[in-house]
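Chains as they are written, first to last, in our numbering: chain A, 6 to 121; chain B, 31 to 142.
There may be inaccurate statements among the hints.
[Said to hold, decoys possible] Among the chain A residues that face chain B by a calculated CB cut under 7 Å, a handful are:
| no. | residue |
| --- | --- |
| 1 | Gly21 |
| 2 | Met45 |
| 3 | Gly47 |
| 4 | Glu49 |
| 5 | Gly115 |
| 6 | Ser119 |
Keep in mind the hints are simulated off the structure, nothing from the lab. Cβ atoms here follow ideal geometry from the backbone N, Cα and C, with glycine treated the same way.
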Amino acid sequence: DAGVIQSPRHEVTEMGQEVTLRCKPISGHNSLFWYRQTMMRGLELLIYFNNNVPIDDSGMPEDRFSAKMPNASFSTLKIQPSEPRDSAVYFCASSLSGVLNNQPQHFGDGTRLSIL
Amino acid sequence: GNSVTQMEGPVTLSEEAFLTINCTYTATGYPSLFWYVQYPGEGLQLLLKATKADDKGSNKGFEATYRKETTSFHLEKGSVQVSDSAVYFCALSEGRDDKIIFGKGTRLHILP
């Protein structure tokens, strides 16, 4: 079975440019999470969706960050304009909720973002 | 609020040594507990889980027992291999929402 698929795997761009990260969750999963991982701050939850609806975006660092989930099989995380401090590895994860509690999350391999 | 505290790394061991990575948690309810592993260049993978007190999760030679009395979920392996070198994350979920609370991670280096 296909896992969580993220694209691109690597992105290098200049500051001020718009960056769009993409995620395809596991088919049938109804919760989707965006995380950011850096050496300094570790793993941070940015936002999560349930049934395509944003439930908690309190981790989104500022208005330059936005996320959408137009359907059950696709989500985007957009940074506009990008800044060097946004450089990090961004992970998408999905899980099946509502059937059994406390289901584990399944992670993609991440997008390594470098803002010059 | 809920939180997870795990031992700081890096932890460096020789091959075939015994491994313990300590993890304690704070939760208001009855959480499920997880260990995730992250290999270089990859995302986090579920290693094992336990959903109630005294449950033991196990996988790939790793074990962890849910200890409610000490609010702990320590990860152990009797004989580590070089291929176990990775970052290990302890985590909890209370089930009131879909979020999982992760610890800061412990980097493990196994020397041949």
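Structure-based check of all given hints:
no., hint, result
1, Gly21, "violated (28 Å)"
2, Met45, "violated (11 Å)"
3, Gly47, "holds (5 Å)"
4, Glu49, "violated (9 Å)"
5, Gly115, "holds (5 Å)"
6, Ser119, "violated (15 Å)"
Checked against the numbered hints above, the structure breaks hints 1, 2, 4, 6 and satisfies the rest.
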